[in-house]
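Student: What follows is each chain in one-letter form.
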Amino acid sequence: MENMVAESVKYMILGMGIVFVFLYIMVLVLQFQAKLIAKYFPETPSQPSGGGTKTGIQKAKVAAVIGAIVHHKKCGK
Amino acid sequence: MKKQFVAALLLFFTLFATNVMASEHEASQHPVSALTQSAAPTEEVSHDKSIWELLKSFYKTTGIYALTTAQENVVNGEGEVVDPFHQTWGRIIMIGITLLLFYLAIAKGFEPLLLLPIGFGGLLANIPYANMTGPDGFLGVIYAAGIHNEFFPLLIFMGVGAMTDFGPMLANPKTALLGGAAQFGIFGTLVGAAALSQFTPLFDFSLQDCAAISIIGGADGPTSIFIATKLAPDLLGAIAVAAYSYMALVPVIQPPIMRALTSKEERVIVMKQQRKVHRLEKLFLPLIVLGLSILLLPESTPLIGAFTFGNFAKESGVVDRLSDTMQNALINIVTILLGLGVGSKLAAEKFLVGDTLGILILGLVAFAVGTAAGVIMAKIMNKLSSEPINPLIGAAGVSAVPMAARVVNKVGMEEKPGNILLMHAMGPNVSGVIGSAVAAGVLISIFS
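These protein sequence lines are chains A and B, in that order.
For the first sequence, our numbering assigns the number 713 to the initial residue and increments by one for each residue that follows.
For the second sequence, our numbering assigns the number 25 to the initial residue and increments by one for each residue that follows.
Don't read these hints as lab results, they were simulated from the structure.
No experiment lies behind these values; they were computed from the predicted model shown.
A couple of the hints might just be wrong.
Distance windows between CB atoms, simulated [stated by the list, open to error]: (1) A:Lys722 <-> B:Lys84: 52 to 60 angstroms; (2) B:Ile357 <-> A:Lys722: 39 to 47 angstroms; (3) B:Arg303 <-> A:Leu740: 19 to 27 angstroms; (4) B:Phe471 <-> A:Phe744: 31 to 39 angstroms; (5) A:Ala775 <-> B:Ile357: 33 to 41 angstroms; (6) B:Leu307 <-> A:Ile781: 27 to 35 angstroms; (7) B:Pro412 <-> A:Lys785: 56 to 64 angstroms; (8) A:Gly729 <-> B:Ile318: 13 to 21 angstroms; (9) A:Tyr752 <-> B:Gly442: 33 to 41 angstroms; (10) B:Ala353 <-> A:Val782: 32 to 40 angstroms; (11) A:Ala780 <-> B:Lys300: 19 to 27 angstroms; (12) A:Lys785 <-> B:Val276: 55 to 63 angstroms.
Beta carbons are placed, not taken as given, at the ideal position from N, Cα and C, and that holds for glycine.
Bound-form chain A, shown alone (with noise of 0.2 angstroms):
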């Protein structure tokens, strides 16, 4: 019990170590990942906003057709 202090210390030092460690090399995976997708997998990053547009393009569908039957029974009235 003495030594509490120092032996605290020496688990700041390991333990900020291994975070820091542990993150880093993360960091590094990470953007090295991030160089290899963007090489062999260039095309994919516009599908989502392809696929965005088009669910767009379904809700804009979808509405003209509720307007259509809107004023198609407001006619027939």
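Since chain A is already given, all that's left is putting chain B on it; use the hints.
Tutor: Same frame as chain A, but now just chain B:
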């Protein structure tokens, strides 16, 4: 006829208030079996008692009597003798504290999802005679089922994983280091708590206790509960309450520290817009994080494994049903159980001790130090890096997702309206979750 009536009346009472009706003597000797044994003997003896005596013995089984008169040899759920103060005033004070927790949760919106169940668990744990924290009691069963064995915090972590979007971190991986710097709150406080315990008579914590307390600085509820259960189960109630209260107080604690450590010019820095992140990057991230923790720190894999599983399920895009359950139904169920179970540690004899005050103070210090370390690291990175980094985002390195990031955004907007830092702050914020899980793994590996 009269006797039969009295006996019937008594049977009625014993059936409807069995746990309360246990005489204090029996309750003290057999705290667990009191519930089952109380009915039969009372009924037999009752034939010789006058109505006055009956009322008197009934009074002795009421909460009014138990909360005002201390008895000898009363034991708690773990079979430890409870001293007179904790039987009477202690319980009343604790009930007051749980009411305060309700107030904070309901009126002030302090992490209500956890403080409300914890508060109610604490209220139930302080009821005399009922022994809900005992091995067969309602709260005791919950505690043994999922907190004692560290199961519930892992399930929560899984749900948090399924809710976390790592996109902002992937867009600018360097900011992940800020989530590491903020873990200095944990280790700095560990040293501080050890020094205070060794050199001053204020605290008397062991190194394990110090480690469990300082993890509050990670600002991560499940991690705090996980570590506290492993290293200092007696302090669990206070540590959990401190961790969740301070997480709720992030908007109060952090801004003054952030302003004190940065200059006006630094606070108005506008950061570059983030790049678009590929779906595959998000998909591989949990595997990379888990792989690294397998190689470097297998002790942290229960936490990181659960977290990355949740995130992997979310990002895979093919098991939306599972990821949806983890994010909603499962995490909600576990939150109820976790809150009640942790609340069982708010029994007066566990909470109203000198250590609790120490834990609350050290937890606050840990939070403040973590915030400061994150901001200082961000200042250094801003000086060294070619791209501008607003030092405010360093404060988000303490986990507390997404509260800390929102606070950063708010402070940034106050300095320069329109300077939206939210997404930039989410990077350090989510990496702080990984950082505190790694820090927890280090502490476990040291003490195991």
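Student: Give a verdict on every hint.
Tutor: Do the hints match the structure? See the list:
1. A:Lys722 <-> B:Lys84: 52 to 60 angstroms: Between A:Lys722 and B:Lys84, where Cβ atoms are some 56 angstroms apart, the hint holds.
2. B:Ile357 <-> A:Lys722: 39 to 47 angstroms: holds (41 angstroms)
3. B:Arg303 <-> A:Leu740: 19 to 27 angstroms: Between B:Arg303 and A:Leu740, where Cβ atoms are some 21 angstroms apart, the hint holds.
4. B:Phe471 <-> A:Phe744: 31 to 39 angstroms: holds (34 angstroms)
5. A:Ala775 <-> B:Ile357: 33 to 41 angstroms: holds (40 angstroms)
6. B:Leu307 <-> A:Ile781: 27 to 35 angstroms: violated (42 angstroms)
7. B:Pro412 <-> A:Lys785: 56 to 64 angstroms: Cβ of B:Pro412 to Cβ of A:Lys785: about 58 angstroms, so the range 56 to 64 angstroms holds.
8. A:Gly729 <-> B:Ile318: 13 to 21 angstroms: holds (19 angstroms)
9. A:Tyr752 <-> B:Gly442: 33 to 41 angstroms: holds (38 angstroms)
10. B:Ala353 <-> A:Val782: 32 to 40 angstroms: Holds: the Cβ-Cβ distance is about 39 angstroms, inside 32 to 40 angstroms.
11. A:Ala780 <-> B:Lys300: 19 to 27 angstroms: violated (37 angstroms)
12. A:Lys785 <-> B:Val276: 55 to 63 angstroms: holds (57 angstroms)
In this structure, the earlier hints numbered 6 and 11 are contradicted, and the remaining ones agree with it.
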